[in-house]
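Chains A and B supply the protein sequences, listed in that same order. When you line the first sequence up against our numbering, it's residues 1 to 360, in that order. When you line the second sequence up against our numbering, it's residues 361 to 654, in that order.
Heads up, some of the hints might be wrong.
[To be verified] According to the in silico footprint, chain A covers these stretches of chain B (three or more CB under 8 Å from chain A):
(1) 399-413
(2) 442-456
(3) 578-588
[Unchecked claim] If you only want the chain B side, here are some residues facing chain A, beta carbon under 8 Å, derived:
(4) C437
(5) G461
(6) Y462
(7) K465
(8) A639
None of these hints come from the bench; they were simulated from the model. All C-beta atoms in this analysis are idealised placements derived from N, C-alpha and C, irrespective of residue type, glycine included.
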Amino acid sequence: MSTASPASVERGASLRLGLPGFAAALLRALIPIAIALVVGAILLAVTGWDPISVYRLMAQEAFGDWAAWQGTLAAATPLLFCGLATAIAFRAGAFNVGVDGSFVLGGLAAAWLGAELTGLSGWLLIPLCMIAAAIVGGLWSLPAALLRTRLGVDEVVSTLMLNYVAIGLASWIVNSLLLANGSANSASDPIAPQAQLPTIGSQATMTIGLVIALVAIVLFALWSTRSSSGFELRLAGLNPRFAEATGIDVLKVLGGAMVVSGLVGGLGGGVHALGVVHRFVDGFSPGYGFTGIAVALLARNGAWGLIPAAVLFGALASAGATVQLISAIPLDIVDVLQGTITILAAAQLVGLWRRRKAAA
Amino acid sequence: MNQILSSAALAATPLILAAMGGLINRRGGIVNIALEGKMLLGAVFAVLVSASTGSWVLGMVAAGVAGLVGGAVFTFCVTRLGANEILAGLGFNTLAAGLIGYALKDRGTYDPSGISVPPQLHLPLIADIPVLGPIVSDKDPVTYLTWLLVPLLAWALVRTRAGLRLRAAGASQDVAHALGLRGLAIRDASTLVAGLLAGLGGGQLALALVGLFNTGMVAGRGFIAMAAFYFGRARPLPTAIGCALFALFDAIQIRLQQDGVPTQLVSTIPYLVVVGVLAFAALSARRPAKEATA
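Full structure from sequences and hints, please.
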């Protein structure tokens with residue numbers, strides 16, 4: 001029982017449209033966003049809000065000034081990591097929906113070390129926490145990768161289930177072993193001050209974590225276009241049988257991609273722990289892994305597309321929270337937009353329109 | 361012990377309903393990850409209508425219709441717009457949760473007064489049989505109907521024209537087309553049925569099991585139902601057994617929590633069991649993994 005490969009979303013974007021690849025990708029991303037905004041507008045209008053003014057307010061809160069931009073970029077940072085993690089797996093044809101689990105456990109590992117090794121200097125402590133977070137995230141995706149490659153267990157189900165296990169496991173660890181002194185509400189001790197990521201703006205939440213995320217994306221872009229293993233990854237996802245015939249060990253690529261995907265997810269969790277939360281708490285990830293899927297989908301698993309896609313969802317999250325405070329519009333409007341975008345981005349709208357036209 | 365068996369039998373019902381829907385859908389060629397969202401829709405409409413009309417039957421009807429409408433949206437995206445079913449399904453779940461949260465103004469509990477819940481039917485004599493009694497007796501009508509559905513579906517898939525056509529369309533769209541069947545329409549129908557059953561499952565969960573609506577109440581049950589039909593290889597009886605096993609582990613973990621074993625750790629058991637069972641099923645089938653990549 002295998003489902004259509006997630007790599008297929010990038011297949012033939014430029015071929016079918018007859019447009020340059022970039023323009024086609026842009027169009028394919030903008031159409032779902034536009035439709036989702038219309039759906040959201042209808043919902044807002046039906047419930048008695050003026051969609052134009054709500055959207056204007058949201059745009060202002062997300063991009064209005066430098067402080068708003070910083071909020072958006074800070075909210076985009078975990079999404080950059082989760083989107084990248086998802087895109088790596090999807091490219092190889094591995095339907096890894098377990099990035100959330102790696103993110104959570106990576107964050108836990110970084111928060112624990114950051115609070116524990118208080119004697120180390122920041123220069124040593126921060127990299128150490130990051131490496132630990134990445135390793136934990138990678139290890140967490142290993143069982144699902146092995147089950148997939150050795151036994152053919154569908155990774156969609158296993159990774160989905162393991163998310164729940166990761167959240168429960170982290171929650172147990174923080175409540176039993178790492179519970180902060182005098183804290184009743186499922187939080188670990190705060191990390192050492194020198195373990196906090198340096199900020200790169202006037203706001204505390206925008207840290208060098210953003211830079212790390214961007215560097216990771218640049219590395220992914222270079223690797224996937226310039227290296228033979230990056231090419232193999234892509235080939236394995238797009239056409240596994242052909243890849244196999246050319247001598248690529250598809251299963252090895254698939255399993256490797258899932259582990260690297262977990263690694264990047266774990267790193268994202270580490271950045272979030274050291275940069276934003278400064279400890280580990282229950283509910284550490286409000287579904288960043290799932291939003292990461294939407295980000296990868298809008299970017300069609302391409303490296304550069306991840307940046308605008310993550311900024312978009314970061315803007316929605318950041319502005320949505322403020323708008324809820326100001327105008328009592330439920331934050332769930334963000335989920336409505338995100339869900340609609342995901343569904344439509346998964347669809348082949350542009351290709352369909354063209355096929356219809358060709359048939360007419 | 362009796363209490364665990366009894367609550368497990370009750371808790372299995374929403375899973376079985378959703379899993380039967382997912383199984384039909386799977387046989388028709390679509391892996392339905394959106395069961396989760398449809399159960400949530402079913403649950404909220406069941407509570408809404410049950411409370412406003414005072415009839416749990418109407419509540420269940422509303423749950424089924426809500427699931428059906430959700431299924432229609434989902435199938436339109438998959439079969440007509442060519443959306444990848446997994447990604448569209450995940451999006452659908454987000455959308456359903458978002459819409460419900462938006463409508464309720466806040467995530468949390470929705471507990472209107474006057475909710476009518478299905479009665480629990482006490483079966484004399486049978487109730488006194490050890491082990492079997494607590495499982496079978498004192499259940500709601502929806503649960504009994506669900507138990508009837510499983511063998512009926514097993515029979516229908518093999519013996520009826522509709523079942524054969526469904527399997528043909530699922531196995532190969534080309535073959536179905538060559539046979540003069542409208543493959544896409546069959547897929548649509550299977551997704552609609554999946555939506556209906558998942559909606560009913562959500563309704564039963566809200567009315568018979570819990571008695572109110574909470575935005576987090578489905579809590580991965582749609583995903584468990586999906587794991588169940590993977591485990592049962594899309595055959596009704598093994599799938600239902602998978603659901604029952606999960607419900608049993610769930611009931612045991614709730615009991616363990618009452619006994620002071622750490623809640624968070626124990627709550628992961630059902631999910632670990634699903635992964636373990638899938639691994640075991642794959643081991644025992646032991647097809648070369650390479651086949652699966654092709």
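Cross-check of the supplied hints:
Given as covered by chain A, the region 399-413 of chain B fails the check, having 0 residues with a CB less than 8 Å from a CB of that chain where 3 are the minimum. Residues of the region 442-456 of chain B lying with their CB closer than 8 Å to a CB of chain A number 14, which satisfies the three-residue condition for coverage. Judged by the Cβ-Cβ criterion of 8 Å, the region 578-588 of chain B is covered by chain A as claimed, because 4 of its residues qualify and three suffice. Residue-level restraint check for C437(B) holds (minimum Cβ-Cβ distance to chain A is 5 Å; threshold 8 Å).
A cut of 8 Å between beta carbons decides the hint on G461(B): the least distance to chain A is about 3 Å, and the hint holds. For Y462(B), the suggested interface contact is upheld, since its CB lies about 4 Å from the closest CB of chain A, less than 8 Å. A cut of 8 Å between beta carbons decides the hint on K465(B): the least distance to chain A is about 5 Å, and the hint holds. Hint status for A639(B): holds, given a least beta-carbon distance of 6 Å to chain A, under 8 Å.
This entry does not satisfy hint 1, going by the numbered hints stated previously; all others are met.
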